[in-house]
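Visitor: Protein chains in written order, with the working numbering: chain W, -3 to 945; chain Z, 3 to 82; chain E, 31 to 216.
Honestly, the hints are just simulated from the structure, not real lab data. Misleading hints may appear alongside valid ones.
[Claimed, not checked] The calculated lysine-lysine pairs, modelled on DSSO-like cross-linking and capped at a C-alpha distance of 27 Å, are:
{"#": "1", "chain 1": "W", "residue 1": "Lys315", "chain 2": "W", "residue 2": "Lys583"}
{"#": "2", "chain 1": "W", "residue 1": "Lys432", "chain 2": "W", "residue 2": "Lys377"}
{"#": "3", "chain 1": "W", "residue 1": "Lys940", "chain 2": "E", "residue 2": "Lys55"}
{"#": "4", "chain 1": "W", "residue 1": "Lys890", "chain 2": "E", "residue 2": "Lys55"}
{"#": "5", "chain 1": "E", "residue 1": "Lys111", "chain 2": "W", "residue 2": "Lys890"}
{"#": "6", "chain 1": "E", "residue 1": "Lys111", "chain 2": "W", "residue 2": "Lys896"}
{"#": "7", "chain 1": "W", "residue 1": "Lys796", "chain 2": "W", "residue 2": "Lys890"}
{"#": "8", "chain 1": "W", "residue 1": "Lys896", "chain 2": "E", "residue 2": "Lys55"}
{"#": "9", "chain 1": "W", "residue 1": "Lys246", "chain 2": "E", "residue 2": "Lys135"}
{"#": "10", "chain 1": "W", "residue 1": "Lys793", "chain 2": "E", "residue 2": "Lys55"}
{"#": "11", "chain 1": "E", "residue 1": "Lys131", "chain 2": "W", "residue 2": "Lys893"}
{"#": "12", "chain 1": "W", "residue 1": "Lys616", "chain 2": "W", "residue 2": "Lys893"}
{"#": "13", "chain 1": "W", "residue 1": "Lys940", "chain 2": "E", "residue 2": "Lys111"}
{"#": "14", "chain 1": "W", "residue 1": "Lys796", "chain 2": "E", "residue 2": "Lys131"}
{"#": "15", "chain 1": "W", "residue 1": "Lys637", "chain 2": "W", "residue 2": "Lys704"}
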Amino acid sequence: MVEAGRSPNIEILSNARLEALEGKPGQFVARVHQEPRFIDEDKCTACGMCTMYCPRPVVDTYNERLEVTRAPHIDYAQAIPSSYYIDAKACLRVNYETCNLCAQTCTAKAIDFSQKPKEHALEVGAVVLAPGFGRVDSSVLERFGYGRYPDVVTSYEFERLTCASGPTEGHIVRPSDNKTPRKIAFLQCIGSRDETCGNGYCSTVCCMYAIKEASVAKEHEPDLDISLFFMDVRTQGKGFDEARQRAQEKYGLHVIRARVPRVEQVDGMLALTWTTDDGKSHSDLFDMVVLSVGLDSPEDAQSIAELADIKLNHYDFCKTTAGAPLATTREGIYVAGAFQGPKDIPESVTQASGVAAMASELLAESRNTCTISVTYPEEDKAIEAEEPRIGVFVCHCGVNIAGTVDVKAVRDYAGSLPGVVLYEDTLYSCSQDALKSIAEKIKENRLNRVVIAACSPRTHEPLFQETLRSIGLNPALIEMANIRDQCAWVHSQEPEAATEKSKDLVRMAVAKARLLEPLAQPTVDVTPNALVIGGGAAGMTAAISIADQGYRCVLVEKGRKLGGNLSRLAWTLDGQDASSVLDSLKKKVKDHPNIHVQLESQVESISGYVGNFTTTINSKGKTKVINHGVAVLATGAREYKPSGYLYGENNRVMTQLELEEKLKRGKAFLKNARNVVMIQCVGSRGEDLKHCSRLCCSQAIKNALMIKEHSPDTNIYIFFRDIRTYGFHEDLYREAREKGIVFLRYMPDRRPEVVRRGRGIAVKGFDRLMGEDIEIPASLVVLSTGIAPGDNVELAKVIKAPLTSDGFFLEAHAKLRPVEVAVDGFYLCGLAHGPKSLDESIAQAKAAAAKAVIPLAKGKVAVAPIVSQVDQKTCIGCGICESLCPFNAIRLVKVNKRRKAQTITASCKGCGICASHCPTLAISMGGFTDQEILAQIHAFSGGKCEDEA
Amino acid sequence: MSQEKANLKENEMTREGFDPHILGFFCHWCCYAAADSAGVSRYQYPPNVRVIRVMCTGRIDVRFVLEAFRCGADGVFTGG
Amino acid sequence: MGECHYQSGNYEAMVVAETCRQTLKDIGVEPERLSLDWASAAEAPRFVELITGYVKRIKGMGALGTGEGEEAKPVIDRRLKAAVRAASARKPRTSLGTLSKGLHKGGDYTPEAIEAGVAKKVLPAIRQQRITEEVLILLKEEGAMDEGHLAEATGASGDEIQKILEGLSRRKKISQDEAGWVLMTA
């Protein structure tokens, strides 16, 4: 968000709505109506005086109406624009021309009642629709006692209650008596998987968010007794099943598979009655009930559709297809996020990058015609060279840090350290207004070294470095003390020890800051083309997108033809012919002048750095060298091959993909099929693979329906653990039940078995409802075997990219950087990242293409300034560094007939092996010099120890 | 030493409330990232370690480790 | 292992750690006070396990010095001081660099190979330098001392101390008078 707020190429119109959208792709005119905020965004310093003085209370909608604020307010501290606004409906000045108190108290003179509504006519080339999701109608919630019983709350309200910066500062209280509840029940699928309210789909995110809310609640109140009522536990996201399992064990959450039909009040308690799938009825009393409310289509979906002239699906979400998940029905208009279908944050962020690629493809010709670029003031070398004047800013991070660490004590302690001339605390140091104020204070106090005690430098250092640059200081002159991720968060039970640790970390950071030196910031030119590894659906999509965006691209596929797993599919999950999607991708790849395909080829080695990679591939036995600026990993995955279940021993037992291939060739074999039995989670969810393979449930049901269509008399039985037909795939599940497909739940300790019976086979299982063992003679047994990672280990080693414990590539950040690899210049999409459906792979491939094009389009990348430097006076030319450098980034040269080491800056990655092994201590690492590290060690000792080395 | 005795000895040590002073050298890409992610997941662990971030464990010099002990560290944890 | 972002950084770290451990042991510090462990970015639970276990182990060892025996503390302090100087000196550093270079070339980073290499090539160089530095520290702090006392204080054998004293005297760092060896002031 902060990034969006800072980019000079993003103009934010808040309080605005679309009125009309005319024109055609490349030449739209969007008419936008904007209501006034009555507070000038540029002048507002977000000090909060206006809220304090305003006499008009309004309910705080951001805090789910649990709190009261005033007419002028800001929704939350990190909001962008980081300026307050006035709620026009409540304001006395706007409605009755009286009061005006806020304007009088505002020292920044930001309040401006002369603002009028504005009409904008925006000339744009492409349009992205991202209106998010809407709320489930309150009549649905009322069925569960919401509104009638005060202790029935929505999950939104509960989220605010668990939030440390929320209305109760994270204390869980019952609304009826403000006391801490003892027993809480979460009811899932409120307004989801419920045709009676028109929402037949699954909202996808509620199972996981309920687990998260329950876990956070347990963190705050360890004595809580929490039960969660699921129909199915749908935690199919990457790593989610593992996280759920862990939470269940760690917090002792009770998971009950049942749908609770209603909530009643008995003696001030909430009574729930439910039936489990063994037919038994149960009831219990709870202090509080949380309704896990689903995601509805946006309230204004219909009007958006009308204005934008696009079609909606039968649930009023934006209509898209599995082959083109980000395209609306109108060319040049794209969709991302929950409006396309219920989804979580990583998926939404991925789609958002994906639509950026779509827009960039459409507008490739006019790239850089309207771009505004940032210029930085020249570095003030004079100030940098002065004696260190250090400023320390200690961040509260709301209550994330301040809830545990005594921030003011840390701040005052910082003031006692040598070299510190300014020490302050900030509520959120990464918020835009705080960054502005930090910049001003640096200037006012002529600071030349800065210490930020806040979160992790891994995530936030670039932001603060940018702030330094913006005022003419070298970005290397900052040091962070990680008192959040590695202190407050992990020592929340020990506030005093956490405060002491924070002081130590600040002291060490200040000691290092005193010695920091400006570092050069070289840039290198980018080789303007891309390498895409893997020629499946994801790889082809990424290659086409990069090519359409105007850059050349080499597509390397190890097999003999393009297509990957897609070529084995018969139908997509939305019922399209899979081969038509495949053919269209293949044709585009083949015809595109910017794409060069290398079949039967494998990557052997990759060297270089973002912007300038050199890759050697083995192509049909011959070695080829490719120079490229970026690379996309789309290496796919494979269907898991099970052991047991008579698989490979009896030809009536097959996997889902094998079934699809068979169905693709002809349906005749179904004629005599009396019973088809499918078994879910073969291999997955703990049998052999730890993870949930996400799409097998939908795929199995799709195939079951296909069998039913061609052979209606065939009986189909599906053994499952949880049916995970998330999103609109739930329609398939409903249809399957309507068509008489029998679903039998099994527990992991009682897996169904496939046995031989005479010449045939049968499946032995346990019918939980009847409470007895059953045996179903089977004409066919289809195993949903899940998705196993491909041979990623070798490639991961070559690239130095981390893998997850399941063997898939690990993204740089699950939410913020879902398609980037931690190694600069590498991007990730498709099954290589984890199990997902075709539409998700395509959206992700577009996202990877969008990210990959960024360095190509910029044409230059900055080289990381953390590089080694040799003091050639001290160097004795022994060559140890040269032979140990993993990147060949240091070599011996002749200087005055003597051998001396020299760093090749662009190749150096800053590991520091050379420095720690130099006999004469002649090598220093930018940002991590011996002196700096020794200063940290001495500071660690608390001044007991001076420099000895 | 029997297991029982060993346990007894350990209990004695911890009962005294000895709070060790530990210095960590964490690799930016591995251990430091894992430590951050432990924070995101709100795992709890003892607050005795003070961390110096390095880009790679290969940066760690013999003299850093010895110097840490000289400066009063009861332990040095290097994590890659 | 082998997943290091910098390819071989963690292998070099193993050699450095082994060098530190053998040095610590040589000067009477419990070598297990230094731990070298691996947790990748994705392994938060493992990290927590490692760090929790490590802190517990250190607690079990007690404060530096006390775990090694109460009377050992001043000796350890002096030896650490000497060892840090040794680790900054050219000769021991060259021996470490040369060993790493050899292991790097051979690609054999098994714990046995590292342990043997450090014991054979690096530790002797560090030890010699450490004793040398310690002699200088002792003579500075305690005044004149004879060969026997110096050997006892530094833990050096008779041969070792003799060689070191000869070397220092040749380099005009120390000289002998009736009270024993003394520092030569420049």
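Visitor: Evaluate each hint against the coordinates.
Guide: These are the hints, each one checked on the structure:
1. W/Lys315 to W/Lys583: 25 Å, holds
2. W/Lys432 to W/Lys377: Measuring from Cα to Cα gives roughly 22 Å; hence the hint holds.
3. W/Lys940 to E/Lys55: OK: lysine 940 of chain W and lysine 55 of chain E at ~24 Å, within 27 Å.
4. W/Lys890 to E/Lys55: The hint is violated at about 41 Å.
5. E/Lys111 to W/Lys890: Roughly 37 Å between the alpha carbons, so the hint for lysine 111 of chain E and lysine 890 of chain W is violated.
6. E/Lys111 to W/Lys896: It is violated: about 31 Å lies between the C-alpha atoms, which goes past 27 Å.
7. W/Lys796 to W/Lys890: 33 Å, violated
8. W/Lys896 to E/Lys55: Judged against 27 Å, a Cα distance of about 36 Å means the pair is violated.
9. W/Lys246 to E/Lys135: 47 Å, violated
10. W/Lys793 to E/Lys55: Violated: lysine 793 of chain W and lysine 55 of chain E sit about 35 Å apart, past 27 Å.
11. E/Lys131 to W/Lys893: Measuring from Cα to Cα gives roughly 24 Å; hence the hint holds.
12. W/Lys616 to W/Lys893: Distance ~47 Å between lysine 616 of chain W and lysine 893 of chain W Cα, so the pair is violated.
13. W/Lys940 to E/Lys111: Since the Cα atoms of lysine 940 of chain W and lysine 111 of chain E sit roughly 14 Å apart, the hinted pair holds (cutoff 27 Å).
14. W/Lys796 to E/Lys131: Given pair lysine 796 of chain W, lysine 131 of chain E holds - Cα atoms ~22 Å apart, limit 27 Å.
15. W/Lys637 to W/Lys704: 26 Å, holds
Figure legend: structure checked against the earlier numbered hints; hints not met, in rising order: 4, 5, 6, 7, 8, 9, 10, 12.
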